[in-house]
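Number of protein chains: 2
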Amino acid sequence: MNGRAERSIAGLPGLSEHERAWENLALTWITLHRAREIELGKVGLTVPQAAILDLLKTSTEPLTPMKLARRLNRKPHTVSALVSRMETEGLVRTTRDMGRRNWVRVSLTKKGEQAWSRQAEERTARGATACLSKKELDQLNTICRKLRTRGSELIRQMQLNPYGDFFLQ
Amino acid sequence: MNGRAERSIAGLPGLSEHERAWENLALTWITLHRAREIELGKVGLTVPQAAILDLLKTSTEPLTPMKLARRLNRKPHTVSALVSRMETEGLVRTTRDMGRRNWVRVSLTKKGEQAWSRQAEERTARGATACLSKKELDQLNTICRKLRTRGSELIRQMQLNPYGDFFLQ
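Taken in order, these protein sequences are the chains called A and B. Just so it is clear: in the first sequence, position 60 is 60 by this note's numbering, and no numbers are missing. Just so it is clear: in the second sequence, position 130 is 130 by this note's numbering, and no numbers are missing.
Hint data in this document are derived by calculation from the structure and do not stem from the laboratory. Where hints are given, some of them may not hold.
Since the list gives no way to pick out one identical chain from another, each pair is judged satisfied if it fits inside one copy or across any two copies.
To be verified - Straight line, CA to CA, 25 Å or less: simulated SDA-like cross-link-like pairs of lysine to any residue: (1) 42 with 20; (2) 134 with 114; (3) 111 with 93; (4) 42 with 93; (5) 110 with 59; (6) 110 with 18; (7) 42 with 16; (8) 110 with 38; (9) 135 with 145; (10) 111 with 157; (11) 111 with 15; (12) 75 with 30.
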């Protein structure tokens with residue numbers, strides 16, 4: 001499957017080097033994500049569920065669905081639906097704070113704690129960058145920081161001016 | 001949001017450098033993907049729809065839902081559902097090949113062609129790597145190739161031995 005994917009990137013006609021890099025990055029993330037998905041499947045979790053468990057386990061402050069959505073850079077309604085399914089499965093509980101209207105705190109149940117521990121032991125896919133040299137790992141972190149800054153800038157500009165042109169260079 | 005995300009990566013306790021790199025890469029991809037999502041929203045498309053249109057536009061061979069799934073590294077049933085929604089929207093058509101049972105060819109409609117052209121003009125987010133130097137772009141492509149090879153290896157191993165341990169190092 002990888003060989004076919006490589007040929008399909010190399011063979012894409014008319015793409016600029018940046019569009020090619022985009023396809024390259026997209027396919028890389030899809031492949032790693034799929035590996036992590038299979039790895040987590042062994043302990044009965046999905047990737048977004050594991051991310052929520054991780055945030056709840058490591059946060060030093062109480063988390064609401066809105067805060068979870070911000071930490072995950074996801075839409076609030078996506079995260080609310082996810083939290084609600086996880087509550088049905090007994091992984092998290094939500095409690096209303098009577099002092100603040102619409103303020104819902106999400107926390108781990110005992111079953112959620114156990115699921116977190118099991119996923120934490122499955123770290124081969126999540127540690128995929130072990131195939132890189134120390135220098136490449138540093139390069140990757142630097143490049144990701146730049147791309148993230150650029151991506152956040154674009155999001156801000158498009159949200160300010162959602163239908164206008166935004167040719168920056 | 002980006003500043004908060006940066007702090008949340010830096011502040012994650014107990015993560016190895018590889019787990020930190022994973023979070024870094026995940027958040028980068030989510031940010032770029034969100035930017036592309038907003039960009040495509042301007043022409044009424046989603047990211048997976050644009051990927052399907054692109055494959056149909058550039059393929060030199062007839063494509064079935066199964067072939068599309070392989071090219072996109074996605075599950076066949078996910079792609080079938082996507083194709084079916086795109087057919088309802090008039091972006092693609094599916095035709096059965098009477099000579100081969102269950103063989104469905106997916107092709108672009110005129111509306112799909114027009115949508116492809118419109119999305120091809122929206123390339124600011126998709127060209128986000130323009131913020132990198134030539135050297136960084138080369139580094140990114142090299143690193144992605146290594147990570148993809150590693151990811152594909154892990155997927156193959158886990159699929160061969162879905163419930164066993166696979167500690168490779």
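State the violated hints by number, sorted upward, taking the hints as numbered earlier in the document. The structure breaks hints 2, 6 and 10; every other hint is satisfied.
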